[in-house]
Every structure is written in C-alpha cells, then in structure tokens.
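Student: Sequence:
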Amino acid sequence: MTTPDRHDLGQLRLLAGYLAGRAVDVAEAPAGQPCFTDGRTLFVSRDATLGQHRREVLIQGGLLGAGSLDPSVVRPLRARAALARRYLAVEGHRVLAHLAATLPLAADLRPADGPLTSSPGESLDLARSRTRLGDPPAWFGVIRPLQIAPVAAVGGTAPTAQDLHFEVTADMLDDRDPDDEDDDGPAEESSILKLFDNPLFNSQAVGDFLRRLLGSSPGSPGSSSGGAELRAGAARRARSVGPEARPVPTRIQFTDEADPAAAVGIGGTLHPEWDVHKRRYRPQWCRVIDYPFTGRAEVSAGGLERDEVLRRRLARVGLGPKVLRRRPDGDELDIEALVDMAVDLRSGSSPPEHIYTEHRKIARNLGVLILLDASGSATDTDPVGLAVHDHQRRATATLAVTLEELGDRVAVYAFWSHGRRAVHLPAIKTFGQRFGALARARLHTLQPSGYTRLGAAIRGAGEILKDEAGTPNRLLLVLSDGHPYDDGYEGRYAEADARKALEELRDDGVGCLCLSLGTDTDSEALERVFGSASRARGTTLADLSPRMDDLFHAALRELAVARPAPVYASATIASS
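Residue numbers (the working numbering): 798 to 1373.
Calculated directly from the structure, the hints in this document are not laboratory data. All values derive from a computational prediction rather than experimental measurement. It cannot be assumed that every hint is accurate.
Derived lysine to any residue pairs resembling SDA-like cross-links, with alpha carbons at most 20 Å apart [stated by the list, open to error]:
id : residue 1 : residue 2
1  : K1263     : R1110
2  : K1075     : G1229
3  : K1075     : T1227
4  : K1263     : E1324
5  : K1263     : H1350
6  : K1263     : G1285
7  : K1075     : R1289
8  : K1075     : R1217
9  : K1263     : G1288
10 : K1075     : E1355
11 : K1075     : G1306
12 : K1263     : F1228
13 : K1263     : A1238
14 : K1263     : R1325
15 : K1263     : L1353
16 : K1075     : R1124
17 : K1263     : R1161
18 : K1263     : R907
19 : K1263     : D1187
20 : K1075     : E1201
21 : K1075     : D1305
22 : K1075     : G1204
23 : K1075     : F1228
24 : K1263     : Y1290
25 : K1075     : P1044
26 : K1263     : K1075
27 : K1263     : T1227
28 : K1263     : E1300
29 : K1075     : G1267
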C-alpha cells in the first residue's frame, strides 16, 4: 500500500471542504485507528491507498455537511459505542444516497436498496430501535462524539449575485416630483391603501382584509398585492405620506479609491436636510463622505488621560444579562452539565458537581460612536487660553479608551464641512479597530478646519452606528460647541436641522448624548440645537465624570419610551 503525498492530501482537503461546506483539514490518524473527524480535521487511516482515503473523506465530510455530526445529534451517542455504530451505518448510507446525485464516487458506493431514513433525527431513532441493522463498512470509520468540537452550522442557500449587488432601476421609482402633482386631480387609488403597499404587509390575507375594510376588493382595478410579491430589498416610493416624511439616505460608490477625501461630488452618501421654514425635507441634499483618516500621524500618547471616576461611573452602564453555565451554585439546573456528569460517572470519572446556571448582569452590550467636532469654530479658546478643540480631543481619547477597556464597542469619527456637498466624516477609529497608539496618534494630529454642518454629520454617523455597532444598545456621543454654521446653514435653519437629526436617531432606537466642553455657549442656545436629547456642559470632562453614568442612562432610558414608527418618503436602496 502507498501513503498519499502532500499533493494528494491537498486534493483531499478540497474534497473535504466541498463536502463539509466549510474549511476543514485532512490528516492521518494514529497507526491502527480507523478514520474519524473532530469537526475541524478529517483523520484518514494510516497506510491506506488513495482510493480508500477518498472514500473515507467522502463519508466523514458528507456527515459534517449533512449536519449528521451536530452536537445536538451525537450527544446521545456518547459512551454508547454500539448505538454510534448503528447510527453510522444508517446515516452513512443516507448521506451517500444524497451525494450520489452530484458525485460519481458516491453513486458507485451508495446502497442498492436506497436510504432507510430522510434526516439525522430519523436515523438516530432507527438506530435506537430493535430493527436488525448491518454493520457499516470498515471505510466508514467511527464516530467519536466526545471529540467533535461544536462548530457553527453552515446552512441555507448561497446568496445570488442579485442578492449581493442589488441596484435600484429607473422603472422601480416614480421620477415625478411630488411638488409638481395636481392636488385637485382624481386619485386612482385610495391614499390610505397605498400606505400598506410595502414589504411589511406581505400577507395576502391581511391585504385582502384591509381592502374589504376600506372599501376595495382584491379584484378591483386599483388594488395591489400589498407587497406580497415584492422581493425583500426592493424599492418603492409612497407619495402620500406628507411633506414631513423622512427620505432614506442614498449611498453612492466611490470611483476614486486612491483618495476618497478628494472624491467630493463623486462618492459618499446623500442625506436629507430639514427645512424648518417650509416644514419639509430637502431630499438628497447633503453629501457625507466617510473615509479613513489619512493625515500625518506620529505615534504619541499625547492627550491620553486616565479618569478613574469616569471609569467607575461608566462601569455601571450598558450591562446586559449573561448566563454562566456549569456553576457550583446558581438559579437553575444546567441540563447539559447534568448529562455530561452522568456520562463521566458511567465512564468511571469523578467530575466536579458544577451543574447549575447563574444569571448575572455582567455582559457589556453597548456600542458607542464618538463624533468629534473638528470644524473651525472649535479653535475658540476658554478663559484660560486652551482651545475648545483641545478639550474635546482629550475628552474623546479618555472616553474611547475607558469604554474600550470596559468591553464596549467604540468608534471615533471627526467631522467638518465645506458646503452641503462636502461634509467630511474621517474615521479616527472604526468599530473593528483597537484604540491603540496609531489611532491615538491620528486623534492627536487632527487639526480643526472648515465649517459645522451638524445635522448632516449626525445623520452620517448615525447610519454608521446602526450598521456597524452590532450591539442591542447604541449611543451617539457628540462632542461639539453647539455652533452649527455653513454656507446657507445658520441661525434657526441650522439649529432646527441639527435638532431634527437627533430626533430621527432616537426614533430609530439610537441614544444621543451631546457634550459641550470648554465653551461659553449658553444653555438656551444648546437647547435650541440639541433639543430634548441628553446634554451637558462643562469646562473639562472631569467636571462631568461624577455624573456620566446618569447622562448615559438618561440617553438610553429614553429609548424605552414607546415611539411611533418613523415614516419615510421613499424606500430607496442603492449599492455601496
């Protein structure tokens, strides 16, 4: 007999990965042992031919891919070798019959009389019964339940190209401006019924009931399916929800990947802006460009200050329940631990009696995006001559490192603007990065410039927070002097837009906390800009640290209050 070389083992890895549906390794088992798998590696028998190795990979990889070796299935097989052998015989033939449709090797090896079961559960039930079953072939190997590591199941169908790259086409949207419509003309369909034409009402029965209730039948010329046939992710515009309906932001793909910051007018995300004078949104009005910060960054620890008071206060925030298993004492019995202890006792071991579960509020479940105002207005100085930007930058570093050390997910973005088409949102630290020396250096070298289109920056940061935080509780922490100003963006207009942007985020389930440090902005002005969002003002962060937990809780507690679902003027989705 010949032993396969490394090239042959590489070919077996490709076959094993295809069968298992995930990356698995292939190695030789110890001498004298049959083939088996631990969920990560397929162990083929030593000193066997390449043909036998292929058969062994076929059966063991097929069992992994079919879910036959999932922990919930093989758990009853532990310490029961006879039952495991009967289960392998039944389930192995079922897997071969399933693979025979696509693999010629499996077609040659499948049983002539077909499979006896149609699922791993049925195979386990049959193995437990008194039905006479033959032994599996030697190349089937063995099942070792105690050695199979729990691996996340890979299920479902593969996404299609259309699912991964959906684009809105012209025929999906009505290109007429709502302002140009003739309000006196007859409506072709009830405006109330059009509110139900969205994917949320995807039940034909619900749609028919609403139409009968509102005076229309499913067969009437103006009726529709209520979104029953609309593919998930499609787009539809509702033109009857009123002028205050919020437009959905539109993502535009960058075409200048080498320098995204220079791609003004080319890429970014188009966000609406609230016009308080006309009581309506300006759709796709502001272009927000988020990109990695590319400024000169010399590694330095400047600006990083430890605040133990802040750390103790924030340690109380964002704690969620966590179940601790296999505890010596607790609230409930851990059934899995009980079963394992019984198996160990039957095997002759003396395991510790850790058979309880304990529920404790220790899991961090908070995602925070710190939005730092880096506009030119932050160059103003406090009474002792220190710039507002310096206060805010030091506070950003202290907050970021404290939250990260506590286990929260943290991102740090700055913002400034040059008109409505160039609202910059450079990433100092994303959610997937650590706040290490390089991120601190980026923050330390950040210099204020431009203007303060605060509403657009809040909307852009809010979308990043909602998409990337990955936590049940999300908080946008804005560090700004509260002076929104830009070209055509000032006074009551700018204040109302910033206040509206914060309201939108809270409607979407995102907490908002606004801090003003080292500024002389009065409380009334801050209230006009930040509205009812949680806010505080202080000379330094240390002034606010003793009550920072109350500020965080106030911002998150507001989300528990029932709010009406936000109404959108359009459901436009663009590829990013």
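Student: Please name the hints from earlier in the document that this structure breaks, with their numbers sorted from lowest to highest.
Tutor: 1, 2, 3, 4, 6, 9, 10, 11, 13, 14, 16, 18, 19, 20, 21, 22, 23, 24, 26, 29
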